[in-house]
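Visitor: Go ahead and model the full structure; you've got the sequences and the hints to work with.
Each chain is listed here by its residues.
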Amino acid sequence: MKNKSLISINDFTREEHIRILELAGAFEKRPKQRILQDFVVATLFFEPSTRTRLSFESAATQLGAKVIGFSDAASSSVQKGESLRDTILTVSNYCDIIVMRHPREGSARFASEVSKVPVINAGDGANQHPTQTLLDMYSIRKTQGTLDNLNIAFVGDLKYGRTVHSLVQALCHYNTTFHLVSPIELKLPSAVKIDIKKRNLVYHQSTDLHDVIPKVDILYMTRIQKERFSDPLDYEKVKNAYVLRNNMLEGTRPNLKILHPLPRVNEITPDVDDNPKAYYFTQALNGVFVRQALLASILGVAD
Amino acid sequence: MEKEDLRKELKVSAIENGTVIDHIPSKSVFQVIKILNLTEYQNQLLIATNLDSQKMGKKGIIKVSNKFFKSDEINKISLVAPTATLIIIKNFEVIEKKKVEVPGYTENIVKCFNPNCITNNEDIATKFTVIDKKDLKLRCHYCEKITARDNISFR
Numbered sequence: 002m003k004n005k006s007l008i009s010i011n012d013f014t015r016e017e018h019i020r021i022l023e024l025a026g027a028f029e030k031r032p033k034q035r036i037l038q039d040f041v042v043a044t045l046f047f048e049p050s051t052r053t054r055l056s057f058e059s060a061a062t063q064l065g066a067k068v069i070g071f072s073d074a075a076s077s078s079v080q081k082g083e084s085l086r087d088t089i090l091t092v093s094n095y096c097d098i099i100v101m102r103h104p105r106e107g108s109a110r111f112a113s114e115v116s117k118v119p120v121i122n123a124g125d126g127a128n129q130h131p132t133q134t135l136l137d138m139y140s141i142r143k144t145q146g147t148l149d150n151l152n153i154a155f156v157g158d159l160k161y162g163r164t165v166h167s168l169v170q171a172l173c174h175y176n177t178t179f180h181l182v183s184p185i186e187l188k189l190p191s192a193v194k195i196d197i198k199k200r201n202l203v204y205h206q207s208t209d210l211h212d213v214i215p216k217v218d219i220l221y222m223t224r225i226q227k228e229r230f231s232d233p234l235d236y237e238k239v240k241n242a243y244v245l246r247n248n249m250l251e252g253t254r255p256n257l258k259i260l261h262p263l264p265r266v267n268e269i270t271p272d273v274d275d276n277p278k279a280y281y282f283t284q285a286l287n288g289v290f291v292r293q294a295l296l297a298s299i300l301g302v303a304d
Numbered sequence: 006m007e008k009e010d011l012r013k014e015l016k017v018s019a020i021e022n023g024t025v026i027d028h029i030p031s032k033s034v035f036q037v038i039k040i041l042n043l044t045e046y047q048n049q050l051l052i053a054t055n056l057d058s059q060k061m062g063k064k065g066i067i068k069v070s071n072k073f074f075k076s077d078e079i080n081k082i083s084l085v086a087p088t089a090t091l092i093i094i095k096n097f098e099v100i101e102k103k104k105v106e107v108p109g110y111t112e113n114i115v116k117c118f119n120p121n122c123i124t125n126n127e128d129i130a131t132k133f134t135v136i137d138k139k140d141l142k143l144r145c146h147y148c149e150k151i152t153a154r155d156n157i158s159f160r
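Each protein sequence line maps, in turn, to chains R and C. Read in the working numbering, the first sequence has 268 at position 267, and its numbers run on one by one without any break. Read in the working numbering, the second sequence has 157 at position 152, and its numbers run on one by one without any break.
Honestly, the hints are just simulated from the structure, not real lab data.
The calculated BS3-like cross-link candidates involving lysine-lysine, where the alpha carbons are at most 25 Å apart (straight line), are:
hint	chain 1	residue 1	chain 2	residue 2
1	R	Lys198	C	Lys142
2	R	Lys238	R	Lys227
3	C	Lys139	R	Lys199
4	R	Lys5	C	Lys150
5	R	Lys160	C	Lys150
6	R	Lys188	C	Lys150
7	C	Lys138	C	Lys102
8	C	Lys138	R	Lys198
9	C	Lys150	R	Lys198
10	R	Lys194	C	Lys139
11	C	Lys138	R	Lys199
12	R	Lys240	R	Lys227
13	C	Lys103	C	Lys75
14	R	Lys160	C	Lys142
15	C	Lys139	C	Lys116
16	R	Lys198	C	Lys139
17	C	Lys138	C	Lys63
18	C	Lys138	C	Lys39
19	C	Lys72	C	Lys103
20	C	Lys150	R	Lys194
21	C	Lys32	C	Lys102
22	C	Lys72	C	Lys32
23	C	Lys150	R	Lys199
24	R	Lys3	R	Lys33
25	R	Lys240	R	Lys188
Guide: In structure tokens, the structure reads:
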């Protein structure tokens, strides 16, 4: 992984996924080690993302790295009309690795081609967010003991959520049985379903959450956004159909864990938070260990 | 085949030197003209479309005097008219006949259909992997979205 950019989850083999997840496990045991004190990490956030940026900066700082960067385009020279190419060429003089979030799809791949130092994609528009995918995989593997042969439900907006698309694609390597629960308007796109079919994996599509909950090991919840519906009436019809409440978790599998990429709005009621099956805040914590593993591995201080 | 050639000769007169693009799907004739910038062409240019064809039902044909296409241009032709044949003519003689072939990879020919793709917002050469030659589907190297025959356009 040394000096390799991380742009898309599809660039990684199953073996590389596992190596990162195991390294993340080591950082979970010992998150504070000053192994990156000779390194400078630049976090270039051309659009705001509090969670991802803080998680990266926390990961880097705990390993002793210096962090430089900006948290939205307004405070960078982009506002003066600088091209992405020029920004990357300049900033790559000042750091050992770039972590970048940008609103345009493909920007991270382009940055990695221009940059003198490796680039980690922290989200490029609606395209990829591979560190989120890896932390989701870490959370699944940690709570289930394996990634193989699991029943995983994806609930909510399966059409627009890049988190869902990347995770489904990654899980296709692990003989997953997929349960896809969404309103008709927000079904998983066929371009993503092609990957499931190519590997002859089983998937069930439905619009009903209740039936699915008892059958699965992981319940991956997502937010349904009002602006995705052309007719507000359609939104009103479905908005309460995909809300998880604590009493719905009776009779579910003992190993069931509930994941959510966050931010949550109302799709998981607060009474679920105290249920031991709720895992979303720990999932966010796991993001720090996965990002530590990526930084250390790409900077060549861990294998 | 000879019969078809004969009929064609009757309808569109021969050129002395240049290239004949034959077996173009009728609906793509004007698109081929556009992508090759032939609307500005100063030499003799013969265009026919909706000709009867045994192979294709209807077809179009373009005869371009004093023009021999480069591989980039041939790749463009293959993307809008995958059935096309190129016939190189010198001194009224057929020197070479070849079917165009859809390439596996294109660089800076096709425009990404995704308006939010970085290639449509910065000065960057586009790159595509052709993932389906028959139905023509190209995956953008940058945004990973798929540009298909229905929404293809050129730079």
